Amino acid sequence: MTSEAVFDIQAAAPPRRVSAFRRLLRHRLALLALIILAVLVIGSAGAPWLAPHDPEELDIANRYAPPLSEGHILGSDDLGRDVLTRLMYAGQISLSVGIAAMLVTVMVGFSVGAFAAYYGGWIGTILMRLTDIMLCFPSVFLLLFVAAFVTPSLASMALMIGLTCWMEIARIVYSQILVLKSADFIAAARMIGTPSWRIILRQILPNTLAPVLVAATLNTANAILLESYISFLGYGIQPPAASWGNMLTNAQSDFQVDPWLAVFPGLAITLAVTSFNFLGDGLRDALDPRIRDK
Amino acid sequence: MARFLINRLIQSTVLLFGVSIVGFALMHLAPGGPLAVYTLNPTVTAQDIERIKVLFGLDQPVYVQYFKWAGGLLSGNWGYSFFGGQQVREIVLDRLPATFLLMGTSLALALVIGVAIGTLAAVKRNSVFDYATAIGAMIALSLPTFWFGLLAIFFFAQTLGWFPAGGMVSIGDSSLLDRLHHLVLPVVVLALVLVAQWSRYTRSSMIDILDQDFVRTARAKGISPSRVLVNHGLRAALVPLVALAGLQLPLLVGGALVTETVFSWPGMGLLFISVLSTRDYPVLMAILMVGAVVVVLGNLLADIVVALVDPRVKLHDE
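For the record, the sequence lines run as chains Z and R.
Throughout, this note's numbering is defined as the position within the first sequence, counted from one, plus 1.
Throughout, this note's numbering is defined as the position within the second sequence, counted from one, plus 219.
There's no promise every hint is true.
Stated by the list, open to error - One-sided excerpt, in silico: chain Z residues whose CB lies under 10 angstroms from chain R:
1) Leu30
2) Arg130
3) Leu131
4) Asp133
5) Leu136
6) Val141
7) Ala148
8) Leu226
9) Ser229
10) Tyr230
11) Leu249
12) Ala252
13) Gln253
14) Ala263
15) Thr271
Unchecked claim - Derived CB-CB ranges, DEER-like:
16) Leu179/Z - Ile240/R: 22 to 30 angstroms
17) Asp185/Z - Ser483/R: 57 to 65 angstroms
18) His247/R - Ile124/Z: 19 to 27 angstroms
19) Tyr282/R - Val258/Z: 53 to 61 angstroms
20) Pro68/Z - Leu312/R: 45 to 53 angstroms
21) Lys182/Z - Leu379/R: 58 to 66 angstroms
22) Phe302/R - Ser183/Z: 55 to 63 angstroms
23) Leu179/Z - Ser493/R: 43 to 51 angstroms
Just so you know, the hints here were simulated from the structure itself, not pulled from any lab data.
Given the structure is predicted, the values throughout are model-derived calculations rather than measurements.
For every residue, glycine included, the Cβ atom is placed at its ideal position computed from N, Cα and C.
Could you put the whole structure together from the sequences, leaning on the hints where they help?
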């Protein structure tokens, strides 16, 4: 990686991206995860056209319908609403919160880490100590604490989760940039007179992007988990809007009447989170320059 | 060693100071502030709020409030609950043993199982067992803990009736056996995520160690493979894992909160959830701080243990 970049600074970035994607596709579990995520995204985004019912349509005659019953493939809930339909609409919210929260973690984490590493000095010290401090609070506590005082909405959920989970990315970016600042190929680029904006854009950014991309994917998984828990407790997405988490709010009492009601939303969460985790794992392998030419 | 200890102690103190500032700021930045429970209540008049403010010292400058609050934390005066007026310190510290019991048992169980799985996976690298545990660990890390807990309650408590569905003791039964019986399900649920992490950590740490010269030397000397594995491999591989145990603490404390709410385990997490709805801010603040202090002290402890067992750390300092 290093030696190659020294001699061929301009050409280093583009071909690498293509082959990284190919390597990702060769990673069988990551490929499977990608397919599952595609299905989940299409299913939720296309819910208005694909869903068999309206998410708030009541069917009092068919309350607690078991799975595979007529008109309700995955059954119906305590108000006779179609479970599959609600899962699809809930996916819109849960996946959006997950991805939006991830974007917040990347933006905040990248800014804090890059700022701290670039300027160093006392600004850097303060920013990185703040990161250390934030890491001391168990994120679930912090999140619930804030959630109890904020009117929940999709945007506020994403913002809250993002603002309590950016620390890991800040640390990654910070250490990456510190290493890169003294790396030989950066020095080489400087020596041949590359302007610093070009060094930042073509050398530093691509080289920090890979680990950040991996962490971001794993953060999405974590954000979906956190959202589901907060909504399950009633501090997140409010009914009648469905999220995978708040569909489980009554799970404990549902077990007596209709255990399936408690099964499907949990499966949806597990499926989405597992897929993002496997995708992150696959990305880590695909983007790792050390195991590149295997 | 002494210098290392003092350094780490100072670092932890500074960190705790920062933690207290952030925690305090958070409470005052929250919409409605510490008095949200009153200001959002239409039956409480503006005059009442003024009087409550004076009563709790909230009319004073923020920095004065901070030092009073932080000084109170240090001297053991954690304030009084908004509801019922009980001492916050008593309310919170009463719950601590239950939480520590749950966390400690889960961590110990997870350590034993996770290290065993990780070691085996490292020895049989790229075998079916290695791949199966890798995939299993990934799925275990992705399971929503609260949902897994609910399923466990449904199957093992409600359907099969093997274990109680929640709580820490049965009414009128204070035997050790009854307590253990209540402990099983929550511990298994909390330990699952930890086992997954420990097995992954152990595997990669073990693989690093098994490739090193001193292990090869030991093998070349004719020491039996199992002895090399335990006396040379595991002993060295576990050192970095102690530090990881410290880093894992926020996850453990957070996971305990989730597990406690599902199993009505009378610990700090359950208390947190129950006072959350009433926004009883002195209690919330205290729990948030205790959680952070546990994390900071846990990390300090892990670092000290590493320094004690790893000769390389001492060399650096002297």
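Okay, Pro68/Z versus Leu312/R on CB: inside 45 to 53 angstroms?
48 angstroms, holds
C-beta pair Lys182/Z, Leu379/R: status relative to the range 58 to 66 angstroms that was hinted:
60 angstroms, holds
Verify the interface restraint on Ala263/Z: the C-beta must sit less than 10 angstroms from at least one C-beta of chain R.
Interface hint status for Ala263/Z: holds (6 angstroms vs cutoff 10 angstroms).
Close enough to count: is the Cβ of Leu30/Z nearer than 10 angstroms to one in chain R?
Constraint on Leu30/Z satisfied, holds at 7 angstroms.
So, Ala148/Z near chain R? Judge it on the closest CB pair being under 10 angstroms.
It holds, given that the least Cβ distance between Ala148/Z and chain R is near 8 angstroms, below 10 angstroms.
Holds or violated: Tyr230/Z as interface residue toward chain R, Cβ cutoff 10 angstroms?
Where the cut-off is 10 angstroms and the nearest Cβ of chain R is about 6 angstroms from Tyr230/Z, the hint holds.
Regarding His247/R and Ile124/Z, is the given constraint of 19 to 27 angstroms on their beta-carbon distance met?
24 angstroms, holds
The hint names Arg130/Z as touching chain R; please verify it with the least Cβ-Cβ distance against 10 angstroms.
Hint on Arg130/Z: holds, closest Cβ of chain R at ~6 angstroms, below 10 angstroms.
Minimum beta-carbon distance criterion (10 angstroms), Val141/Z to chain R:
The hint holds - Val141/Z has a Cβ within 10 angstroms of chain R, the shortest such distance being about 4 angstroms.
Is the interface hint satisfied for Leu131/Z? The criterion is a beta-carbon contact with chain R at less than 10 angstroms.
Nearest chain R Cβ about 7 angstroms off; hint holds.
Tell me if the interface restraint on Leu226/Z is satisfied: Cβ within less than 10 angstroms of some Cβ in chain R.
6 angstroms, holds
Given hint Ser229/Z near chain R, where the shortest CB pair must fall under 10 angstroms:
Given a least distance of 5 angstroms, the restraint on Ser229/Z holds.
In this structure, every one of the numbered hints holds.
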